[in-house]
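Visitor: Here is how the chains run, residue by residue.
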Amino acid sequence: MTRTTPSIRTRLSRTVIVIALIWSLAVTAAVWYVIQHEVEELLDQTLQESAQIMFGLLSYDLRELPANADSPVSMPAPPHLERLIWQVVDSRNRTLLRSHNAPVAPLLASPTVGLADAGDAWRVYGMRLPGDRKWTLYVAQEAAEREEASVEAAQYTAGMALLISLGCALWMSYRLKRELQPVADLSQAVLLFDPLGDAADLPPVSRAELAPMHRAITSLGARLAQRVANERAFSAHAAHALRTPLAGLDAQLAVAMRESPAELLPRLTRARLAANRLQRVVTALLALFRSGNSPHWQALSLSDVVAHLSFDNLTISCEGIDQIEADPDLLAAALMNLLDNSARHQASHVSIVVSQGQNTVIQVRDNGSGIPEVKRLQLQQALDAQDYAERTGLGLMLSDMVARAHGGSLQLCRENQGCAVELHFATHHST
Amino acid sequence: MRLLLLEDDPILGEGLRDFLRCEGHVVDWFTSLAELTGLGQEPFDLLLVDWNLPDGSGLDWIAALRRQGTATPAVVLTARDLISDRIKGLDSGADDYLVKPFAPEELAARVRAMGRRLSGVAGHQRIFGRVEIDLGAKMVRQDNIEMELTAREWALLEALVLRAGRIVSKPDLDALVNGFEGEAMSNTLEVHISNLRRKLGKELIETVRGMGYRIR
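In order, the protein sequences belong to chains L and E. Quick note, the first sequence lines up with residues 1 to 431 if you use the working numbering. Quick note, the second sequence lines up with residues 1 to 216 if you use the working numbering.
What the hints contain is simulated information worked out from the structure, not anything from laboratory work. None of these values were measured; they are calculated from a predicted model. There may be inaccurate statements among the hints.
[Unchecked claim] Each pair of labels, with its calculated beta carbon distance range:
| no. | chain 1 | residue 1 | chain 2 | residue 2 | range |
| --- | --- | --- | --- | --- | --- |
| 1 | L | A299 | E | R197 | 39 to 47 Å |
| 2 | L | Q358 | E | K138 | 48 to 56 Å |
| 3 | L | S355 | E | L39 | 54 to 62 Å |
| 4 | L | V190 | E | L39 | 53 to 61 Å |
By construction, the Cβ of each residue, glycine as well, lies at the ideal position given by its N, Cα and C atoms.
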């Protein structure tokens, strides 16, 4: 199962959203705390102020107030929803006078001065009226009304905080996208950046934070270009230093075979075969080393390439498509090594079949001793993982590297008899 | 064929020289451009030239020869295997390009191919009256009877056949058959011509008085 690499933008966006939510809750809690104290205080003050107004009005002439507790008088009022109610009770806590919506029963169990709660229903403020009769004025506000005011204040605050937070989160997400765009631009520039080519350097970055990365990539490219240049120079020198002596060795052996007595001929033949194998390996290594995994694609005739790969005691036939696109030297190096493997595994005939679909597939099939299935699976596993060390021979390793240089892979086919190896090359279209 | 081999590597140069001599060619081996000064109009059938030489470029030397009007075919022998190198080599005036390491047998085959082109005939076989000459198999038949020739006689016959219809001077013939390392042959040239005429018929080789010999 492939694990998706986390995105900086997604992670930061998530963080911003979480922070916004926490911030909203914190603000709501703070507002709730403030309301509990300040709004309650404000409402209590309102009660007190109202009581004081009532006190003033009622104190104007207490003698005019009715004093019959058996039938408390309800003060006339236009029809309306009464938010504040009031009562006047006597010293025995009997209701004498009340607002039209106030209950007949006294709000508190005994005459009380100051703020008090009448159960869960009312918040009451009591004031003693002047005079000897010890009457008490109650002004009350519904507790539910007060709670509703507090809750609504908290809800509006939380809603607005949340809305603002979400707005901020969206804005932050947008800004993140904009701010991360230079990173995407740099990635695209790096994708197109070829330190070995003639193209100019990386374009300058638009954010200071990216400057170190820009410098690092440019420096890496310069080091890479220098290393490749050194390797190419080395490759050219090595090619000359190795190819000429190899040619000389072969020429000397060829002459020796003609001049030597018959009894020495088998030994010289073996020596020349070994020299030829050495030539092939060196040629393949030089081709790979020189290519630096950048094949020189060109249209070629496979039969022409194969015609230059002669092996004693091995017949080679080419079938299928003949014209393909590949690096001729690398292809020759790969085929050379695969044919060498076939020759060393008792094959007498090799057929090379080319087919083209999504990829170009060059199948090299021989009639040699083949590979046991367990060994084949082990080799394929090593090739797939590019774990060549001590697991594959040089021939398969080189061939796999050639296939990979062409954007493909090497496949060892399951065969009942002989061995079949497939070089898969990505289809290349000449521009 | 008389070949000029320009190769600075002693092991390869010696090996190629001896191998090509085994093939019946006359090989003059040089290891530097400096050794070529003074060759003048020395006749060669083919030039085998290494690109990188201690005192210069073999390609530049070929290019200079072409500018002077020398048309002797040339094969470049080099360790440079890039396509651009091959193009450069052929564009400089070389007729063929062989990348090291190569089998000497392949070089010998290319020399034979050059010989065919030199004579202007597609195959190896040449027929002059009753005489049939196979340059590839190095075989001569007269009236379908195979004739035995010495190495010198074969070299002489091949030099004339490759220039069939043209007059070959005695000094050139001597050089083509003998090279620089061979014994002075001017006094024995007539002897070998006489032997060839005796074996293959008087009419095969024509003497052009005061100029040389011709076969046609």
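Visitor: Give a verdict on every hint.
Guide: Here is how each hint holds up against the structure:
no. : hint                        : verdict
1   : A299/L / R197/E: 39 to 47 Å : violated (55 Å)
2   : Q358/L / K138/E: 48 to 56 Å : holds (54 Å)
3   : S355/L / L39/E: 54 to 62 Å  : holds (55 Å)
4   : V190/L / L39/E: 53 to 61 Å  : holds (58 Å)
Violation of the numbered hints given earlier is confined to hint 1; every other hint is satisfied by the structure.
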